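Please arrange chains R and W on chain E, whose structure you already have, making use of the hints.
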Amino acid sequence: MNGALQLGWRYLAYHRFKTAVLLASVTLMMFLPAATRLLVEDSAQALNARAALTPLLVGAKGSQLELVLSSLYFHAESPPEISYQVFKDVRDTELVIAIPLHARFRARDFPVVGTSLDYFEFRNLELAEGRLLGLLGECVIGAGVARKLGIGAGDSLVTSPETVFDLAGVYPLKMKVAGVFAPSGTPDDEAVFVDVRTSWVIQGMGHGHQDLAEASAGNAVLSRGEGAITANASLVQYNEITPQNVREFHFHGDTGGFPLTAVIAVPPDEKNGTLLRGRYLDNKESSEQLAVPGAVLDDLLETVFTVQNYVVLGLLILSLATVAVIVLVFLLSQQLRRGEFFTLRRMGASRAFIALLVASEIVFVFAASLVLAALMTWTVRAWATKLLLSLMTF
Amino acid sequence: MIRNASLYVLLTVLECCLATGVVRGDDRPVVYTSNYPIYFFATEIAGSEVDVRLPQMEGDPAYWAPNSDQTAELQAANLVLLNGAGYENWLNFVSLHEERLVDTSAGLADSLLPLMEAAVHQHGPEGEHSHVGTAFTTWLDPKLAAGQAHAITAALVKLKPEQEAGFNDRLARLQRRLKQLDLDLDQVFTALGDQPVVFSHPVYQYLESRYSINGRSVHWEPDAVPNFRQWIDFQKLLAGHPAKLMIWEGEPLPEVSDKLAQQGLISVVFDPAGNRPEHGDYFEVMENNRQRLLTVLGML
Amino acid sequence: MSGIDIHGLEFEYGGQSTFRLQIRELRLEPGECVAIVGPSGSGKSTLLNLVAGTLLPAVGDIRVGDIRVNALGETERRRYRVGQVGQVFQAFELLEYLTVKENVLLPRYIDPSTPLDADARQRASELLASVGLAGKESRRPSRLSHGERQRVAVCRALLNRPSLLLADEPTGNLDQDNKQNVVKLLIEQARAHASTLLMVTHDRSLLDSFERIVDFNDLAWDKA
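Protein chains in written order, with the numbering used here: chain E, 1 to 394; chain R, 1001 to 1300; chain W, 2001 to 2224.
Just so you know, these hints were derived from the structure itself, not from any lab.
It is possible that some hints are incorrect.
As the list claims (entries may be wrong) - 27 Å max Cα-Cα, derived DSSO-like pairs, lysine-lysine:
hint : chain 1 : residue 1 : chain 2 : residue 2
1    : E       : Lys88     : R       : Lys1158
2    : W       : Lys2101   : W       : Lys2179
3    : R       : Lys1259   : R       : Lys1236
4    : E       : Lys88     : R       : Lys1160
5    : R       : Lys1143   : R       : Lys1158
6    : E       : Lys18     : W       : Lys2101
7    : W       : Lys2179   : W       : Lys2136
8    : E       : Lys271    : E       : Lys61
9    : E       : Lys271    : E       : Lys88
10   : E       : Lys176    : E       : Lys148
11   : E       : Lys284    : E       : Lys271
12   : W       : Lys2101   : W       : Lys2184
13   : E       : Lys271    : R       : Lys1160
14   : E       : Lys174    : E       : Lys18
15   : R       : Lys1236   : E       : Lys271
To be verified - Here are some chain E residues pointing at chain R (derived, C-beta under 8 Å):
hint : residue
16   : Glu77
17   : Ile97
18   : Leu117
19   : Leu127
20   : Arg131
21   : Leu133
22   : Leu135
23   : Leu136
24   : Asp195
25   : Phe249
Model, not experiment: these values are computed from the prediction.
For glycine and all other residues, C-beta sits at the position ideal for the given N, C-alpha and C.
If we strip away everything but chain E, and leave its shape as in the complex, we get (with noise of 0.2 Å):
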């Protein structure tokens, strides 16, 4: 390697710490703005993604971006519910397949997504283990949740209360893992699936208890008069449901009234799309609204690139001062280093050499910084879906 290079080199190796500093802020100040717009363009481009393919939505009115990012993302905050009527009004126009959502319940800290069977052909998840949801009770995991519980078909899952002083009504539901599905780099990974109607089991709208009507019933019998049975509050009632027991489970009340936060509608063609949408846009009275999902998002993602256009601007200035600062530190390190230039000319250095030496400081911490950088953007990239997954489902 060319002598004035590997005197260079020697150089930043000696001043460990001011090289690491340099190469620390060149890196950073390389690094931020290239991030910041792979982020958001990667975000952009998984939440276009998901949202291009869920083609209609139906919610409570009220903020569309909250039913969408609930629906399609699994948010934490549920949006408010309605009723599963919704969901049998939207299937008998026959315009559509709808498909429910209850996404409101969390087991261990993993969303708890109460739906149908063809919600995993719509979202085209394939089994790695087990089978689909079968009974009651069960639940079918994402790939994300299999990993990071350590846990597969046959396990069990218990759901989460939801508040810590939740004595009634949400109990906890101890569901058997019936399949596992493989990763699809979507929400979904991170998703519990349950039967909807499991959902509102866990809601505390179904349950199940012993057969007051037989004798083993005993002391949980408060009463028995014509044709009425009154239970104590010692009667026993199930937390899981087994093939043994699933026939004591039942609900309470016309299911056409129990919740659900949203509908996926999706329409085979888009004239049925359009009229489905006409039929809540002329329905003023509706205590329902109809979302387009990759309208909603279009609105969102148009403000973040806004702000992330700032952003990168205030990066851009930073990184001027920035270079500013390594220019001055670059000439205050020549200061110092006249002497020694000074002596390399005089033992017969040419001008060339010592302009390379004082090149070479520059160029490799630009250089290391660069590969640095790059590296740090890939890393990002590969874990950006990661990590835009968990922000999602926060």
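Just chains R and W now, kept in the frame of chain E:
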């Protein structure tokens, strides 16, 4: 010996393939049914165009629920034809593709009968409630059965539109047979008149309703001897409903039928046709029922 | 071996006080060890720079062996300097970010025409061993005493087997014992490597070992 063994292996493989439809290159849509009558009607209508299947059921089919393998098969089917009218209690706790489910009684809602059974109970804040529903043996009324057959045909046409003509032809043939059955049963029950009848089990609601049978039900199993309490209740029932005929789901124990005979009741079996018969089909079962009734009517 | 022949030399650099160096004649025989003694600021270092080709005279002739230094272009002067001239400076001028051995090898870093190969490394090790620094090759200069540092500088000056060794107040930063040792070392090494040695100093106590002593005042005059 090797040649024989090879032949044996080949035949076994062939049999397996035929059973699963692989060798035939069976790309026929698979349609599952939830009970024997619907299975029979669907088979009659579908002919060879559709692979109609009935899951293996242990015990009383009315209380059957699919195991996990059977659930997977139902999930994979192109269509699942349900009896409806609350027959498939297991639908409440099994996950299936909703749009592939066809409730063959959906169009008969106005004709469905409530099931007045089970005690009301209460616990917690929900108040009183009971786990009751609708009587589900709709196939015992040939008119309702014809309505179900119509719903089956509509579903099959949607599945395989190019076979519409064939399906409709076979539907027409089935409906003619059901109409004849209806006439035959009507003739028999008209002869019975409004004589009180006791049914061993409350599964004959649609028969009672269609043919205006003056009937009451108890909960007696054919293979069990009623206990003392049950006999007492039975006497109370007879006091207000002096029946001479008891209709059973299956052949009662001799000691029971003898004791009933001592009290002046003739026992006759009217198979509710809910199970897949060991011999024959739905129509043969109903014809046998009619013949047995005719026999005892002469004795009344 | 190269002798030095200087005639009618005039050098001037300006600024607020214009300094003019004039040397009528100075001759060194090849292999001779000569000390030029004079007061500080008299122009001794300037003389060495002129001989080394670092500076160019306005008038006059400087010959080192067959080379007419003042007639060389800048590139040739540099090559002459790095290849023919070994220099030892008062302030040692070692690079702290290089090890002792790397400092000795510095001329090879500077001149792309001289390879930094195994032979060069071997020679550096031998030179360091010859001045008693065998086990200190991988140390940094700041870990050595002043005397040791100057010995490293001497080794550096000798790496390319120069025909001319120029020492500019090499003992200026040393204690008395080390001064004598370094002067002795310079003369020994010059003789061992058959180099002509020209040392400038203001310290008359160091002159005993030299073959010839020249009083700078006898060479130069006029400080305007």
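For this structure, which hints from the list above don't hold up?
14, 15, 16 and 19
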